[in-house]
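A.B. asks: Sequence:
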Amino acid sequence: MFVLRLIVLAFLAFYSYSMGQERGGLNAFGEFVVFSGIVFIPALYMLPTFEAWLRKHPNLTSIALLNLFLGWTLLGWVAAIVWAFKKQEPQDVAKAVPAYAPVFPPTESRQTKACPYCAEEVLVAAVKCKHCGSEIPPT
Numbered sequence: 001m002f003v004l005r006l007i008v009l010a011f012l013a014f015y016s017y018s019m020g021q022e023r024g025g026l027n028a029f030g031e032f033v034v035f036s037g038i039v040f041i042p043a044l045y046m047l048p049t050f051e052a053w054l055r056k057h058p059n060l061t062s063i064a065l066l067n068l069f070l071g072w073t074l075l076g077w078v079a080a081i082v083w084a085f086k087k088q089e090p091q092d093v094a095k096a097v098p099a100y101a102p103v104f105p106p107t108e109s110r111q112t113k114a115c116p117y118c119a120e121e122v123l124v125a126a127v128k129c130k131h132c133g134s135e136i137p138p139t
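Quick note, the sequence shown lines up with residues 1 to 139 if you use the working numbering.
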């Protein structure tokens, strides 16, 4: 699709430029074609930026600036179009490993029951409640 856009824009830009050369008077269509160069010539010039925008390139601003300031040289224009077509390589991101991760021993599942006097949780093997101090009857 890029080649088609390039050929069509180059043809229209060249055609509008060549119609403007002095060889005689122009009719209304000829003047329209000449003034259409105001659109087609900058469109051809900024084609690398348009291609980068279509491809959602992450460096669109950089490509546009290169195209704008160095696109008048053939080398700058070609560099911008090559950059616009270059695919981004996936970046390998290293996962951060914490420097120190405390290791806790596995906790034993402790069986508890409620104290009949204060309703606090105490161990099943408890004889006396640690919260209210009352004697717990065996179950």
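What the hints contain is simulated information worked out from the structure, not anything from laboratory work.
Remember, it's a predicted structure, so these values are computed and weren't measured experimentally.
No residue lacks a Cβ here, since even glycine has one placed at the ideal position from N, Cα and C.
Watch out, some of these pointers could steer you wrong.
What the hints assert, rightly or not - The calculated SDA-like cross-link candidates involving lysine to any residue, where the alpha carbons are at most 20 Å apart (straight line), are:
(1) K128 to Q111
(2) K87 to A114
(3) K86 to P102
(4) K87 to S62
(5) K130 to A114
(6) K113 to K86
(7) K56 to V82
Said to hold, decoys possible - Derived CB-CB ranges, DEER-like:
(8) P90 to A43: 26 to 36 Å
(9) G20 to Q88: 17 to 27 Å
(10) V78 to W53: 16 to 26 Å
(11) T139 to S109: 15 to 25 Å
(12) Q111 to C132: 12 to 22 Å
A.B. asks: Determine for every hint whether it applies to the structure shown.
C.D. replies: For each hint, the structure was consulted:
1. With a C-alpha separation of about 16 Å, the suggested pair K128 and Q111 falls inside the 20 Å cut-off, and the hint holds.
2. Using a Cα cut-off of 20 Å, the hinted pair K87 and A114 is violated, with the two alpha carbons roughly 66 Å apart.
3. With a CA separation close to 46 Å, the supplied pair K86 and P102 exceeds the 20 Å bound.
4. Restraint check: the Cα-Cα separation between K87 and S62 comes to about 15 Å, which is no more than 20 Å; the hinted pair holds.
5. Note on K130 and A114: the hinted pairing holds, with a Cα-Cα distance of about 12 Å set against a maximum of 20 Å.
6. Annotation: proposed proximity of K113 to K86 is violated, straight-line Cα distance about 68 Å (limit 20 Å).
7. Of the pairs offered as hints, the one joining K56 and V82 holds, with about 15 Å between alpha carbons and a cut-off of 20 Å not exceeded.
8. At about 33 Å, the CB distance of P90 to A43 agrees with the hint of 26 to 36 Å.
9. The supplied range of 17 to 27 Å is broken by G20 and Q88, whose beta-carbon atoms lie about 41 Å from each other.
10. Range check, V78 to W53: Cβ separation about 18 Å, and the 16 to 26 Å hint holds.
11. Between T139 and S109 the beta carbon distance is about 18 Å. The supplied range of 15 to 25 Å therefore holds.
12. Taking the beta carbon of each, Q111 and C132 are about 20 Å apart, inside 12 to 22 Å as hinted.
Hints 2, 3, 6, 9 from the list above are not met by this structure, while the remaining hints are.
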